[in-house]
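**Student:** Residues per chain are reported as follows:
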Amino acid sequence: MNNNLDILLVEDNPDDASLALRVLKKVVPRENIVWVNDGAEALDFMFAKRAYADRDPSIQPRLILLDLKLPKRMGVEVLEEIKANASTCEIPVVVLTSSKQEKDLAKCYKLGANSYVVKPIDFDQFTEAAKNISTYWLMVNQVP
Amino acid sequence: MKRFILFTAIILSASHLLLAEDDAYQVNLPVDQHMALCKTPTGAITTSGFSEYFQNLFNTTSYPARWSCGTWSEFEGWFMIVSDISIFTAYLSIPILLVFILYRRKQDVPFKKFLALFAAFILLCGFTHLIEAIIFWEPIYRFSGFLKFVTGVISWVTVIALTQAIPVALNFKSPFELQQEIDKRTLVEQQLNLFIKYTPNAVAMFDKDMNYLAASDRWYSAYGTSQSIIGTNYFIDSNPFLNNPSWVDSIKLAQQGKKVSKEQDAIELQGTMEYFRWDLQPWYDLNGDVGGIIMFTENITDKVVAQQKLEEREQFLANIFNTAPIGIALIDSTAKPFMVNGRFCQILGYSEEEVLNNTVMEMTHPDDLEKSTECFEQLKNQETSVLSVDKRYLRKDKSIAHANVSLSKIEDPIDKSTYFLAMVNDTTELVLKNRENKQQKEELQETTAMMDTAFKIARIGSWELDLEKQSVFWSDMVYDIHELPLNTKITLESAINYYHPDHAPLISAAVNLAIEKHEPWDLELRLVTSTKKDVWVRAVGHPVITDGKVTSLKGLFQDIDVKKRYDLEIQNKKAELEHLVNQRTSQLQNANKELEAFTYSVSHDLRAPLRAINGFSRAIHEDYSEQLPDEITMYLDRIIGNAKKMGELIDNLLELSRLSRKNTNMSQFAAEKLIGEIVQADPLYKKVKFDISELPTIHGDYSLLGQVFQNLISNAVKYSSNNPDQLVTIYGESTDSHVSITIQDNGVGFSMEYADKLFEVFQRLHTDRDFEGTGIGLSICKRIIDMHNGEISFLSEEGKGASFTISLPKSEKS
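These protein sequences, in sequence, are chains W and U. Okay, so the first sequence: first residue is 1 according to full-length UniProt numbering, each after it adds one. Okay, so the second sequence: first residue is 1 according to full-length UniProt numbering, each after it adds one.
Okay, chain U solo, but in the shape it has when bound (with noise of 0.2 Å):
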């Protein structure tokens, strides 16, 4: 387009200076011709200098009409002026096309100034014309000079713009070339396509919205898509590496014109984990700005796996290594280890750091180092490939470990240098316990003699029966009890023939128990020797099962005639003496029958009488007194009064008899409580002034103890009863296994000469006259203590009163 406008331009213009040079020659022409035909006007004006002649432009008086100068035929006149219309009317139409054009193309114009330029040109130039065909007319001779002035002026302009064109017009390509330019770069786009294609990586190229421009093969390959992603966008909802943010990010990073990259990258996929080596490059276009991003991506997953599978098979390869129990290490030729495992330290007794800076032979215990040394020589000599020595190491801490080290010579794969593999099995437990066995055995063979000479001296000596021979085995003993000379021949039927007549078929059954229901048998039985002396053996056998039969019959046998013959004695007296207890024991309930009916008879029938006597002379009392003498009277009184006494002693007694048959209702219980209803139920106490402090908790019979409590209440009470001050003091004391209860009183006390005679029946240390009593209170309390497991003291001063004292066990099991 623009090479085409500037040669039109320069056409045009050459044309024009052709026409302009005619122009001037037809004009010039008839001028001379016209001298003649020609007339001035009057009134002429002739100007001289630029402010007349512009002042005057327009005067035509000065020249006559083109008409009226020359002979025009109508012809040749028109002519002339249709030709300068014609002219002027195409001049004036390549301007407006021009700008036409322009207006069309609006910003894609070359050259725009030089178009302007020539349009002016032209269209001055059809004026010019316009002009000369008008002269024909008005002769504006003067306008016309003037017009085409400017014409010339704005000609050269053009020409000088033309000039400074050149060059850049000369640079211009012809289409041909354009063609062969535009195929060379077809040529180029389509190797780089190529190139793309066919790289042996998964590479795509992105505009700046992430729109696919271009990608490799193996791109599509490589995510399952072909050509036909390219032009649409990489952001679509069903591209799974959308879904790791930091790959969205890394994306961001490179449109803002960074070059991200990384040599491993976790991306998950649809839920697995793959690994990517990948680089994004931003792209620049013309302007200098991103246009887009290059993407390279390469899934190194299978890659990434067998790295790690290579890593954790060396880990395990080195697990096993460090962890196996037998310890190992590789040995320079200087017998210097260089790599060692745990348990190798663990029984040389160094820590790795001091394994790896000694030799072997430094950590050997000095008298084994000899031994090493050749071992070690022979296998470097290559006298032999693999050896096996015992030795011992000398640990840190100078104690010895024994071991099993196996030797073998390596050869490096790679430098071909020569090493050696030592496994060292720690060998001292075993050592010593071998050493142990030995001691063992030693200790054995001892404790068989010791046990030897105690089956001698017990008597004891051992059988055993071989049901597949039929042949018998007696230790010396045995034959030594059987009185026999050693090695006499035995078979089974012999031996049962020594046993008593009565005790044979015991030991037979035994024997037949034993093959047939496998049992053992420990028996004391009669045996008579070959001097036909009567002994008791103990015979002791069981039976030896191999594959469920039995194929011998083992045990022991034992003279225990002294032993058995005092147990028979013992058993006949322990006999004798159980008899005589059992009669005595029928006899003594014999006795506590009769007792039973004679203590009923007692209470029924001695008392019938009583009751007679005193309620008869009561009724006397009640029924005469008003008749009867004073004395009658008084001794009637006596006669109830003791009536009444000998009641109460028939009644105590058979409590104290009746105590003997009782059984204890054991409890545990407050003493407190029982001793605060006795003191509270009896109106008599009331007077009397008591102290009772905290008492403890007891085990026992509540109404028996009540019993005892009430009686040493009542004593307290009874013989106190003289004194003004009368106190009765109670309190308690706890040990570990007992209780205590102390009953106190400041009454008339006793004399601790007569102590012995407190409990007995019936003893009394007071007369009647003084304290009444029967003499048995203090005897029941001692049985029903008694009964108890327990103890009841007493400690008094003639004048200064009294106490006593029970004690009782805490619980019936201490």
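If we strip away everything but chain W, and leave its shape as in the complex, we get (with noise of 0.2 Å):
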């Protein structure tokens, strides 16, 4: 395992994800990048559990983009979890989302969510917001 991991990328859509990675390789290297596909898959790495238990958890992502419709656990429910556990808490959590729906928004926001990004259709938008969040989240903003 990669001792130098910046991003967990959580999406269950292999043409979402694999256009993501695209972006995102541009930004950090792409051996950084841990890929899950569903939210109890996102716990089992974050957590060290099942598939993953022999991973180190003291090797926390420094940023997750968070898929919110997802199958087995929903993105919300991974959040929560992520924002509750002391050791978790702190890492900063993008919610990508392909959905507008304002009652999603607001309760990401309660859960701790740092930021909020729709996926637009526009490729050329989505990778200019992709790499804008990756760059904030890893090189400009501290971890406190």
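Each statement offered as a hint is correct.
The following label-pair restraints were derived from C-beta to C-beta distances:
{"no.": "1", "chain 1": "U", "residue 1": "Ser-625", "chain 2": "W", "residue 2": "Ala-106", "range": "38 to 44 Å"}
{"no.": "2", "chain 1": "U", "residue 1": "Gly-641", "chain 2": "W", "residue 2": "Arg-50", "range": "40 to 46 Å"}
{"no.": "3", "chain 1": "W", "residue 1": "Ala-106", "chain 2": "U", "residue 2": "Lys-517", "range": "53 to 59 Å"}
{"no.": "4", "chain 1": "W", "residue 1": "Ala-106", "chain 2": "U", "residue 2": "Gly-641", "range": "29 to 35 Å"}
{"no.": "5", "chain 1": "W", "residue 1": "Ala-106", "chain 2": "U", "residue 2": "Met-752", "range": "39 to 45 Å"}
For the record, the hints were derived by calculation from the structure and aren't laboratory data. C-beta: ideal position from N, C-alpha, C; glycine also.
Join the two chains into one complex using the hints; note that each chain is given alone, in its own frame.
**Tutor:** Below, the structure is given as structure tokens:
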């Protein structure tokens, strides 16, 4: 396992994931990005359970990009657990979603999401947005 | 003293005259005897004439000394000489004594000139005797003669003076007479003192320095002093009168010789006002100067207070008379009032002067004149002493005053004349009220009749249950509702039994509750009439409470069958309707939920493939554009464009559907600020010329209205973009209830022919080739303005631009 973990991407849609990775690897090396398919897997990874039981839980991503609509465990539940746990609550979580549903937005901020980005259909816009988010949270923002 | 001196002088003069005669005799005798014995000395001079005489006054040559003339024994000679000298010394002493008296008594000596004359006379007599002695040795006869001449002259002058003093001397009183005079005067003085002492007034006499000379007993008792004040001064600190400057001034005036007095004067004594009658008079001494003053004071406080009280009492009685709420008049035998109070004039409606110049009869209503005159005559003829009559007066303004008049006969205690006392009570209001009451009674009867009719139409009856007599009263209508013949005997039980078995317990309970807890009832119940007809009635009742106990029950009874059946029917219909509404509502709610799920799914699931299409197309474009033929690159661009457009469609549709679920967040804000923000936010607008005039304050949801303006401005810019002089004008207007904002462009416009399609979803008046768009923007605007209870309208002409106006109520209330 790579010790330089930068981004955890939680995305069930392989198309979106592949497009996101295409952009993100322009900001950080590809090997520093971990991509998981659903909420359950994301939590397993974060807390080193089941498939990720042999992972060193002290190594945590510096940024989590979290899709809201996920199989098994919804993005909101993942966010809730990450923010409830003392060891992970300080990791910035940026919520990525194709929905503009305001209910989700309010709930995410309440749970402690650091940012909220609607995935634009326009690829250029998406590229720009993904780049900006990663750059901001990885380069500019200082974790306390 | 005067008398003593005069007597002495007379006695001495007389004795001297005798002595002088003796002397002359003695002298003359030896001369005759010495004629032979005396030898005239040689060189004697004889004188004839005054000048010669006086030139030789002390010449002694002509005469011998006496010792030498005649024969003198030592004893004879010295007897004569000693006697003469003793007379001389005595005569010398008397004037010295007189001078001594004069010196000591100084002024108080009467007859001063006479005394001096007398002293000179005695002194001269003395000196003649001294010369007689000297002549024994020195014969100075000529000088002796001269001295005797002088003595003679002075003696005669004294005699003449005495003669003139005789009448004065005769008038001198004797000591006895003087004593008598003194006694008489003492008596008068005592009488005067007693007179002052017992004067029944406070009188005091003062000298010019205001020291007490005398005072009456009344004075002492009035001011709490005693005789010991005589001789003391009036101006002492403890004298309370002196605190009144006017009093002190009055005393000063009297001291200057003026007579001052006052019949009534308020003087403050030790903090209380007292009233005095006083009189200050100056008195004069023998020289006519002011010797002091005589003060008379009389404390008339009691009198004044009594007088004041009397006046107050009189005023009080006059006030009672004047302000009495009853008219009072004193009338003479010709029925003419001579003293009236205000109320009397008020009732009669004349001024006091007018009342006093008319007779009562002239002010009486003509119809009551006979009655009034008769009454007055009866009283005059002593047929009765008191009379009461109801009559009318005719006022000056011709209105009528009703009054009750009591008349009584009075005899004047002084001149015994007879007059009449009239007490007049205004009953106008009472009479009018009685009339009104009568009218009201009639109206009431009318109303009652109307109510009866109304009750009949409304089928309302009344009933009463007397709990003490256990009797029941029903009005005709109640019998009618029960379908019972009138006057059928009814008890509480039988009445309750007419109710439907389901409702009888209800009315029983209501009756019991009214009796026990004093609670009224108003119930709608089913009744079964005597013909077994089932009707709805309204039963209303309340307890009548006397001394805390229910004595009877009273109430109304109404046939409400028709109305009740309608009500029941309506109720049933209402319930049915409600059920239907609930059903529809839950169906709608389900549909809504489904729609929500659908839109959520649309937003997520429809967008994902579009993102993939768009994303991968771009990936190809980016990564392989150099290897692809131009045609494929163009196709890729079309794919990307369409995917983007579909994304926009989805976004707009979601927006539209979400509006229906959104709550508005109303506030008051400046439209100018909102529109300014929109115009400045979009970089595309920088090239466009905007003309924005002053805009009103609007009431609404800031972000929703922002969306509206965003859409309208964006449309205006979009559809005027082909005009080289592109101009977007924004202006506002305000009325009492609404504000409106218009956004106008000078673009392509549209034909009003298609106006009805403008706000429909997906409806467009232009092709995408000319102007891109989804056809949803204006629908969203319309929906938002509807949510604000506002209106959106437009005006356009093809090729001449378009204007959209939104109008909003000023506040939500209006």
